[in-house]
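Enquirer: In order, the protein sequences belong to chains U and E. The first sequence begins at 1 in the numbering used here and counts up by one. The second sequence begins at 1 in the numbering used here and counts up by one.
Calculated from the structure, these hints are not laboratory results. Where is the CB? At the ideal position from N, CA and C, for every residue including glycine. Among the clues, some could well be false.
Said to hold, decoys possible - Selected chain U positions facing chain E (Cβ under 8 angstroms, derived; list incomplete): (1) Ser31; (2) Pro39; (3) Glu41; (4) Gly42; (5) Lys104.
Next come the chains, spelled out residue by residue.
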Amino acid sequence: TQLLEQSPQFLSIQEGENLTVYCNSSSVFSSLQWYRQEPGEGPVLLVTVVTGGEVKKLKRLTFQFGDARKDSSLHITAAQPGDTGLYLCAGLPGAGSYQLTFGKGTKLSVIP
Amino acid sequence: ETGVTQTPRHLVMGMTNKKSLKCEQHLGHNAMYWYKQSAKKPLELMFVYSLEERVENNSVPSRFSPECPNSSHLFLHLHTLQPEDSALYLCASSQDTVSNEQFFGPGTRLTVL
Chain U
1 TQLLEQSPQF
11 LSIQEGENLT
21 VYCNSSSVFS
31 SLQWYRQEPG
41 EGPVLLVTVV
51 TGGEVKKLKR
61 LTFQFGDARK
71 DSSLHITAAQ
81 PGDTGLYLCA
91 GLPGAGSYQL
101 TFGKGTKLSV
111 IP
Chain E
1 ETGVTQTPRH
11 LVMGMTNKKS
21 LKCEQHLGHN
31 AMYWYKQSAK
41 KPLELMFVYS
51 LEERVENNSV
61 PSRFSPECPN
71 SSHLFLHLHT
81 LQPEDSALYL
91 CASSQDTVSN
101 EQFFGPGTRL
111 TVL
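This is chain U alone, in the form it adopts within the complex (with noise of 0.2 angstroms):
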């Protein structure tokens, strides 16, 4: 069974600061996933990486995917309070797969 390990399980900043957060597994997988799921919704993909070593940029936020394919990062600079919610990370073991493997999440909290 392949597990995702994400830390820290909650994290609470003021606005303005920056933070990473992490993704790490033993498993190799193919592709790995980051979303964000605020209170009373569900899951919205952020993006996705594929490539061993890749760093994909979203406005404030930069994704990298390990170079082993084992761990991803999240890191968001100055945050908002509009980035308070649960990152999930969700990892395909092989390309063609559906099955999803998750982890618990991060929980942010970002203080105005």
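Dock chain E against chain U, hints included.
Expert: Okay, now just chain E, sitting in the frame of chain U:
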């Protein structure tokens, strides 16, 4: 608006009740999914449908019964549930089971008394 809607948004039921959750997608997708999201646990894939055919049943107890009458609608029929079944039930859809981009609905918050 994600294009995937779920009703009801909240449901409280007793262990002897029978209820159904409904999911509808307006994206023209061919694959639909049911997930369970419990506190302190990762999202768990329950069922997968592709073109109305069930392609995955991840050892889900028989008290959960899915139904996919067409590619736009997905139901989860519930009967004789247990309190530990209380969770957020999420529906998702994707273009097909090969596409790795899934679109989630807002979920149904289920409480079993």
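Enquirer: If a hint holds in the structure, say so; if it doesn't, say that too.
Expert: So, going through the hints one by one against the coordinates:
1. Ser31: Holds - the Cβ of U:Ser31 comes within 8 angstroms of chain E, reaching about 6 angstroms at its closest.
2. Pro39: violated, 11 angstroms
3. Glu41: Holds. Min distance 5 angstroms.
4. Gly42: holds, 3 angstroms
5. Lys104: holds, 5 angstroms
The structure fails hint 2 only (numbered hints given earlier).
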